[in-house]
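Number of protein chains: 2
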Amino acid sequence: MEKSFLEFFKKFSQLNLSDILEIYKISSIKSYKAGEKIAQEGDQFDFALGILKGVIRTYVIKSNGEERTVRIALEKDFTACANCLLNDGKSNEFLEAVEDCLVIQINTRKFKELTQQNIRLLRFWSDNIGQVLNETTNRILFFVVMTPEERYQALLDQNPEIILRVPQKYLASYIGITTVSLSRIRSRKANSNN
Amino acid sequence: MEKSFLEFFKKFSQLNLSDILEIYKISSIKSYKAGEKIAQEGDQFDFALGILKGVIRTYVIKSNGEERTVRIALEKDFTACANCLLNDGKSNEFLEAVEDCLVIQINTRKFKELTQQNIRLLRFWSDNIGQVLNETTNRILFFVVMTPEERYQALLDQNPEIILRVPQKYLASYIGITTVSLSRIRSRKANSNN
DNA sequence: ACAATTAATTAACAAATGTTATTTCGTGGT
DNA sequence: ACCACGAAATAACATTTGTTAATTAATTGT
Chain W
364 MEKSFLEFFK
374 KFSQLNLSDI
384 LEIYKISSIK
394 SYKAGEKIAQ
404 EGDQFDFALG
414 ILKGVIRTYV
424 IKSNGEERTV
434 RIALEKDFTA
444 CANCLLNDGK
454 SNEFLEAVED
464 CLVIQINTRK
474 FKELTQQNIR
484 LLRFWSDNIG
494 QVLNETTNRI
504 LFFVVMTPEE
514 RYQALLDQNP
524 EIILRVPQKY
534 LASYIGITTV
544 SLSRIRSRKA
554 NSNN
Chain R
364 MEKSFLEFFK
374 KFSQLNLSDI
384 LEIYKISSIK
394 SYKAGEKIAQ
404 EGDQFDFALG
414 ILKGVIRTYV
424 IKSNGEERTV
434 RIALEKDFTA
444 CANCLLNDGK
454 SNEFLEAVED
464 CLVIQINTRK
474 FKELTQQNIR
484 LLRFWSDNIG
494 QVLNETTNRI
504 LFFVVMTPEE
514 RYQALLDQNP
524 EIILRVPQKY
534 LASYIGITTV
544 SLSRIRSRKA
554 NSNN
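Just so you know, the sequences run in chain order W and R.
Under our numbering, read the first sequence as residues 364 to 557, first letter to last.
Under our numbering, read the second sequence as residues 364 to 557, first letter to last.
Take these hints with a grain of salt, some might be off.
[What the hints assert, rightly or not] Distance condition first, Cα-Cα at most 25 Å in a straight line; then the derived BS3-like pairs of lysine-lysine: (1) W:K453 x W:K393; (2) R:K373 x W:K475; (3) W:K473 x W:K366; (4) W:K374 x R:K475; (5) W:K475 x R:K475; (6) R:K439 x R:K373; (7) W:K552 x W:K439; (8) W:K475 x R:K374; (9) W:K373 x R:K475; (10) R:K552 x W:K425; (11) R:K400 x R:K374; (12) R:K439 x R:K532; (13) R:K425 x W:K552; (14) R:K532 x R:K400; (15) W:K388 x W:K425.
[Unchecked claim] Sample of chain W residues facing chain R (criterion: CB under 10 Å; computed from the structure): (16) K393; (17) S394; (18) Y395; (19) K425; (20) L485; (21) G493; (22) T499; (23) T500; (24) R502; (25) V508; (26) Y537.
Treat the hints as calculated values from the structure; they're not laboratory data.
Keep in mind the model is a prediction, meaning the values are calculated, not measured.
The beta carbon of each residue, even a glycine, is placed where N, CA and C say it ideally should be.
With the hints as extra help, turn the sequences into a complete structure.
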């Protein structure tokens with residue numbers, strides 16, 4: 364087993380070594396170049412991606428052809444196509460490497476089978492889903508209680524890593540605005556802070 | 364066991380009758396009057412609410428005192444204070460009955476203990492958390508890909524029940540806008556559709 | 001049924017965003 | 001080092017939203 368694999372899973376206290384080995388058997392380590400597409404709308408992409416290195420963004424394409432970034436995942440995060448993971452359906456999202464990426468790619472179909480026998484794996488799943496739900500719930504607050512400008516500031520305060528590593532054209536829709544508006548917000552901030 | 368309780372849980376195929384009985388033992392059926400507060404910010408509200416009848420909204424109060432509705436739950440939904448449910452922390456939200464409500468109130472602290480012994484209860488938990496995550500993910504799309512007007516229309520198309528039963532003053536922030544703006548959107552729609 | 005209170009609509013104006021186009025800046029590739 | 005391309009910034013204008021206030025409609029309580 365690769366050292367990086369073990370390292371990644373060591374932090375999950377629900378799992379013992381043999382559990383990690385079970386996961387290892389249904390996983391592979393893959394690398395993606397910056398800009399490379401990992402999954403497309405329409406794919407049956409039955410993988411959860413544990414990010415060892417890099418940034419992955421998830422986006423959708425609107426009927427008019429415009430892209431909207433819906434998730435951004437960094438090192439140590441898990442990410443996946445929501446509809447594949449939760450509904451065993453086809454993806455309605457695209458996954459794309461923003462930087463060169465190294466990821467652990469876990470076959471979720473096989474993983475779900477394993478949870479039938481192994482209660483620790485089920486708990487691992489359950490805890491991680493709960494963790495993601497928690498983050499997602501906070502992201503909704505982000506939209507419901509904040510203005511676009513406040514959302515940018517909150518990202519700057521709470522998650523500067525994302526702003527540093529993700530191009531603005533992707534960040535803008537992640538915040539729920541256009542690139543032009545994001546640029547204006549940044550310029551307003553720059554002028555007021557000196 | 365109340366008929367309504369059994370009825371509510373019958374739809375969860377992971378559970379057998381004795382599982383439902385286990386849940387029953389750590390639950391109570393409560394009723395709340397329209398407008399009544401169910402939980403407050405700061406509370407340790409360790410309950411999941413299964414709604415038998417009524418509408419429950421979840422809101423937060425911003426530092427300037429303004430309310431923002433973040434969730435709306437109807438019959439057959441589960442709802443809870445996110446931070447209590449997922450992090451065993453104190454609530455940062457308020458829960459309030461919008462209509463007269465009848466709810467199954469499950470002690471989540473005790474429930475989590477039960478999942479240590481009973482794998483079907485763990486799977487029940489896991490599946491429901493996954494279901495909620497799925498809805499929450501869609502709600503983020505709602506904000507990321509749609510304009511306020513489109514969001515109102517989407518709610519009208521996909522969830523008219525909410526619009527019919529929840530006052531506009533609550534709906535507005537649920538959609539991410541002010542009551543005035545919601546009123547204008549409605550009036551624009553009314554004028555264009557005839 | 002009535003009064004009193006609250007909700008929803010409308011109006012008027014300020015401020016922010018969206019849109020389209022242009023310019024400037026930065027980056028990657030050769 | 002240079003060119004070419006894409007990203008970001010800026011500009012100008014239309015549209016929408018936010019804000020505050022006034023009016024109308026609806027609801028609640030007695």
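Hint by hint, here is what the structure shows:
This hinted pair checks out: K453 of chain W and K393 of chain W have alpha carbons roughly 21 Å apart, not beyond 25 Å. The hinted pair formed by K373 of chain R and K475 of chain W meets the criterion: a straight-line CA distance of about 24 Å does not exceed 25 Å. Of the pairs offered as hints, the one joining K473 of chain W and K366 of chain W holds, with about 23 Å between alpha carbons and a cut-off of 25 Å not exceeded. At most 25 Å may separate the alpha-carbon atoms for a hinted pair to count; K374 of chain W and K475 of chain R meet this at roughly 21 Å.
Between the alpha carbons of K475 of chain W and K475 of chain R the distance comes to roughly 21 Å, so the proposed pair stays at or under 25 Å and holds. Taking the CA atoms of K439 of chain R and K373 of chain R, the gap is about 12 Å. The hint holds against a cut of 25 Å. Restraint check for K552 of chain W and K439 of chain W: not satisfied, since their Cα atoms lie roughly 31 Å apart, outside the 25 Å limit. Distance check on the hinted pair: K475 of chain W and K374 of chain R sit about 21 Å apart at the alpha-carbon level, within 25 Å; holds.
For the suggested pair K373 of chain W and K475 of chain R, the alpha carbons sit about 24 Å apart, so the restraint of at most 25 Å is met. Annotation: proposed proximity of K552 of chain R to K425 of chain W holds, straight-line Cα distance about 22 Å (limit 25 Å). Between K400 of chain R and K374 of chain R, the direct Cα distance comes to roughly 29 Å. Violation of the 25 Å bound is thereby established for this hinted pair. Between K439 of chain R and K532 of chain R, the direct Cα distance comes to roughly 24 Å. Compliance with the 25 Å bound is thereby established for this hinted pair.
For the given pair, K425 of chain R sits about 22 Å from K552 of chain W by alpha-carbon distance, which is consistent with the 25 Å threshold. Between K532 of chain R and K400 of chain R the CA atoms are separated by roughly 17 Å; this keeps the pair inside 25 Å, and the hint holds. Taking the CA atoms of K388 of chain W and K425 of chain W, the gap is about 37 Å. The hint is violated against a cut of 25 Å. At its closest, the beta carbon of K393 of chain W sits 24 Å from a beta carbon of chain R; the interface hint therefore is violated under the 10 Å criterion.
A distance limit of 10 Å between C-beta atoms decides the matter here; for S394 of chain W the minimum to chain R is near 27 Å, and the interface restraint is violated. Checking Y395 of chain W against chain R: minimum C-beta separation of about 23 Å lies over 10 Å; hint violated. Checking K425 of chain W against chain R: minimum C-beta separation of about 6 Å stays under 10 Å; hint holds. Interface restraint check for L485 of chain W: the shortest CB-CB distance to chain R comes to about 6 Å, inside 10 Å, so the restraint holds.
For G493 of chain W, the interface hint holds, since its Cβ comes within 10 Å of a Cβ in chain R; the closest pair sits about 5 Å apart. The interface hint given for T499 of chain W is met, as the beta carbon of that residue sits about 5 Å from the closest beta carbon of chain R, less than 10 Å. Because the beta carbon of T500 of chain W sits about 5 Å from the nearest beta carbon in chain R, less than 10 Å, this interface hint is met. Taking 10 Å as the C-beta cut-off, the interface hint given for R502 of chain W holds, the closest approach to chain R being about 6 Å.
Interface restraint check: V508 of chain W against chain R, minimum CB-CB distance 5 Å, threshold 10 Å, status holds. Taking 10 Å as the C-beta contact cut-off toward chain R, the hint placing Y537 of chain W at the interface holds, the least distance being around 7 Å.
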